[in-house]
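Student: Fit chain L to the supplied structure of chain R, relying on the hints for placement.
Residue numbers (this note's numbering), protein chains in the order written: chain R, 1 to 207; chain L, 208 to 770.
What the hints contain is simulated information worked out from the structure, not anything from laboratory work.
Hints are supplied without guarantee of correctness; some may be wrong.
As the list claims (entries may be wrong) - Derived pair list, reagent style EDC-like, types lysine to aspartate or glutamate, alpha-carbon separation capped at 20 angstroms:
(1) Lys728(L) to Glu480(L)
(2) Lys205(R) to Glu403(L)
(3) Lys557(L) to Glu197(R)
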Amino acid sequence: MKRRELIRAGVLMGAAAALRPPRTMAQSAAQSSELTPAQSGVDASKDLAAPGWKPLFLDEHQNETLIVLSDLMIPATDTPGAKEALVNRYIDLVLAAETPETQRAFLNSLGYLDGESMRRSKAAFRYVSREEQDDLLHGLAYPRTGSGWAGDTNAVPDPGHAHFEALKRRIMTAYYSSQIGERELGWDGAFAHGNYEGCEHPEGKHK
Amino acid sequence: MNYAAQEALQQTYDAVVVGSGATGGWAAKQLAEAGLKVALLEAGRAVTPKEFTEHMPSYKLKYRDHSPEVVRTRPIQKQCYACMEYNYEWFVNDLENPYSTPPGKPFTWQRLRVLGGRSLVWGRQSYRLSDNDFKAATRDGYGDDWPISYADLAPYYDIVERYVGISGAAEGNEMLPDGQFLPPMKMSCGEVLLRERVKAKFGHTVTIGRAAVLTQNHNGRAACHYCGPCERGCSTFSYFSSPFTTVKDALSSGNCTLITNAVVSHVNMEDAENKARGVTYVDRATRQVKEVRGKAVILCAQALESTRILLNSATREYPNGLANSSGTLGRYLMDHVVGAGASGRLPEFKALPNANEPRRPNGIYIPRFRNTPSSSKHSRFLRGYGFQGGAGAEFNFSAEGYGATLKNAVKEGVHGISLGAFGESLARRDNYCEIDRDLKDAWGIPALRISMTHGDNEAALMEDAGATAAEMLEAAGAKDIRVQAKVEMPGMAIHELGTARMGSDPKKSVLNAFNQAHDVKNVFVMDGASFVSSACQNPTLTMMAVTVRACAHLIDSFRRSEI
Numbered sequence: 001m002k003r004r005e006l007i008r009a010g011v012l013m014g015a016a017a018a019l020r021p022p023r024t025m026a027q028s029a030a031q032s033s034e035l036t037p038a039q040s041g042v043d044a045s046k047d048l049a050a051p052g053w054k055p056l057f058l059d060e061h062q063n064e065t066l067i068v069l070s071d072l073m074i075p076a077t078d079t080p081g082a083k084e085a086l087v088n089r090y091i092d093l094v095l096a097a098e099t100p101e102t103q104r105a106f107l108n109s110l111g112y113l114d115g116e117s118m119r120r121s122k123a124a125f126r127y128v129s130r131e132e133q134d135d136l137l138h139g140l141a142y143p144r145t146g147s148g149w150a151g152d153t154n155a156v157p158d159p160g161h162a163h164f165e166a167l168k169r170r171i172m173t174a175y176y177s178s179q180i181g182e183r184e185l186g187w188d189g190a191f192a193h194g195n196y197e198g199c200e201h202p203e204g205k206h207k
Numbered sequence: 208m209n210y211a212a213q214e215a216l217q218q219t220y221d222a223v224v225v226g227s228g229a230t231g232g233w234a235a236k237q238l239a240e241a242g243l244k245v246a247l248l249e250a251g252r253a254v255t256p257k258e259f260t261e262h263m264p265s266y267k268l269k270y271r272d273h274s275p276e277v278v279r280t281r282p283i284q285k286q287c288y289a290c291m292e293y294n295y296e297w298f299v300n301d302l303e304n305p306y307s308t309p310p311g312k313p314f315t316w317q318r319l320r321v322l323g324g325r326s327l328v329w330g331r332q333s334y335r336l337s338d339n340d341f342k343a344a345t346r347d348g349y350g351d352d353w354p355i356s357y358a359d360l361a362p363y364y365d366i367v368e369r370y371v372g373i374s375g376a377a378e379g380n381e382m383l384p385d386g387q388f389l390p391p392m393k394m395s396c397g398e399v400l401l402r403e404r405v406k407a408k409f410g411h412t413v414t415i416g417r418a419a420v421l422t423q424n425h426n427g428r429a430a431c432h433y434c435g436p437c438e439r440g441c442s443t444f445s446y447f448s449s450p451f452t453t454v455k456d457a458l459s460s461g462n463c464t465l466i467t468n469a470v471v472s473h474v475n476m477e478d479a480e481n482k483a484r485g486v487t488y489v490d491r492a493t494r495q496v497k498e499v500r501g502k503a504v505i506l507c508a509q510a511l512e513s514t515r516i517l518l519n520s521a522t523r524e525y526p527n528g529l530a531n532s533s534g535t536l537g538r539y540l541m542d543h544v545v546g547a548g549a550s551g552r553l554p555e556f557k558a559l560p561n562a563n564e565p566r567r568p569n570g571i572y573i574p575r576f577r578n579t580p581s582s583s584k585h586s587r588f589l590r591g592y593g594f595q596g597g598a599g600a601e602f603n604f605s606a607e608g609y610g611a612t613l614k615n616a617v618k619e620g621v622h623g624i625s626l627g628a629f630g631e632s633l634a635r636r637d638n639y640c641e642i643d644r645d646l647k648d649a650w651g652i653p654a655l656r657i658s659m660t661h662g663d664n665e666a667a668l669m670e671d672a673g674a675t676a677a678e679m680l681e682a683a684g685a686k687d688i689r690v691q692a693k694v695e696m697p698g699m700a701i702h703e704l705g706t707a708r709m710g711s712d713p714k715k716s717v718l719n720a721f722n723q724a725h726d727v728k729n730v731f732v733m734d735g736a737s738f739v740s741s742a743c744q745n746p747t748l749t750m751m752a753v754t755v756r757a758c759a760h761l762i763d764s765f766r767r768s769e770i
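Chain R on its own, in the form it takes in the complex:
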């Protein structure tokens, strides 16, 4: 059993113990699950980089689409992007543990990209050119707020933008919570950075 599976087994045993009265034999399992993995010092940061990684929830097409999308959303610049941060793997992990409704909502949003791409370019999103992908995303990235003509109101929902935002939210969470993402924000990895000094400007001269 791998460590990850062990932890999962521990969580399941804890949940099972919660549902029926613990007995003497179950007691040690119940007691040991009373620390979170973090409180027990488990470091899961390398799990997603394991060789031979396979998605738990996404199929191959969905996984590849997510990689392409995440690379467009947060590309490598002078710093690494979402692809290097393996955001697809993290999102897959979280989705595998999510409720069916949440899983379905995510696949709907991802599927919307393919639908739009098929409509425009007769091919799924991951197969069209970078320019076509960019055009498509640009059209979804900003909410349509109405042209101001009669009958056109701001209240009209914009499903394309909503799908974009849902996907973007997941990708941003995955990226900025990764070690690469922490470095992107400039974090030096230390927890103490001296006293909080606050505002030191004279009154009326705050910058």
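Tutor: Using the frame of chain R, we list chain L on its own:
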């Protein structure tokens, strides 16, 4: 069962204290240090600094603190920001600890069962009440006064503040008495600007939060090192939590026996003498039922939990719950109303967020300015609200767009400012808890049915708070101001109060002015259940001061052999 626990059951203690959180810790400390023999019962396990995770980056967590698994066992607890992938085992398992609510009246009950209870994860904001609160009924005609005044409690606030270590600034505000403060934490530039402009335009006070976080070494604990996430534990014990302070003192006195995993079900009575004999508990791990005897029983289990124990202790003499001849036990449940505030950005400042800055575990506070002695009576509501908030540079995770533009915009950041209100929750008889006869917890103990709604007054407070928050942010020069003025479900403030209220009239209250049950003289409730009104200040400091005062009285009673 360990050796200490076996010993524990064979003797009669002077006092059995139920609960080891903010108030239980104080009760154990005060009584044990006065020479009384104390049994301290905690429903959860012990806690050690080895399980603190405040210095663990989230990328080391399997789900990086977004674990959907936490929600499975703790769907209610997860509504609390402090219940996270790091520490969720400190919070109760909702499957093991059910309660019910009537249709259409949701109530969220967030609690811990571990040594120290919620003091491990609390918000640390520490404010005194004033006579505007203790005598509020006299001033505006609503409800009841407390049976104690500010002068009665002030010396005990002093004791608690000196021991706990409260950092804060004296302001001379009529609604928010000053205390024994350690040096205040500093304000950010945006906060100073808000303070200056709000004072100039409205006359209101904006002060740094008064926090149970040390700004200098104090009582053997180190000053805060500004790492940020207190709710994951503190390896330098810089914020106040009972296991490493009051409980530790109680144990080192040699007069206190700690019994962990003791889920108390009820108080036992000697009916002929109308006295409590002790309590019965279920061992959480072995499920054995045990009794602990004591000359006095002190409930510090948290307002609703202490009341649940009394309701589950009904006898022939007290068929509606122990010490409930008044019929007020379980009634007058309160929780500060939250859900209103405003946020925006301060364009006068360069944002430039920095991941390597000290993280201040504290914000700003605006004391109540409605219905005060120096303001006119408000036409639409009684009482008032205070604000907590803050301003500073943040990474802009809600930046628009995508691609390299998005990546840069996140780092460019935004200088944000926000205020959120905590409003007084009026004591109303029809907000109550009772025993749900059809529901038991995992240890077979009848569970609570909690019935509470916020009323028109609370809604009017929140509506006004949204408007005044926006006005103040505007005065500070904020742009893109977003206003919120809703009423969150009760329980969201995690400031449950009332349900075993104090009072001078035994027909209208459960406890006297010393937290002693009117009906049964050796039963005490020393937690937030005793509050007569909620005020709008965070209640823990007052709960601790009330406990220390009640303990002083109890120690005197022992010396006079009255107990």
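Student: Take the hints in turn and mark each one as holding or not.
Tutor: For each hint, the structure was consulted:
Proximity of Lys728(L) to Glu480(L) is assessed by CA-CA distance (about 11 angstroms); at most 20 angstroms being required, the pair is judged to hold. Proposed proximity of Lys205(R) and Glu403(L) is supported: the alpha carbons are some 11 angstroms apart, at most 20 angstroms. For the given pair, Lys557(L) sits about 17 angstroms from Glu197(R) by alpha-carbon distance, which is consistent with the 20 angstroms threshold.
Comparing the model with each numbered hint stated earlier shows that all of them hold.
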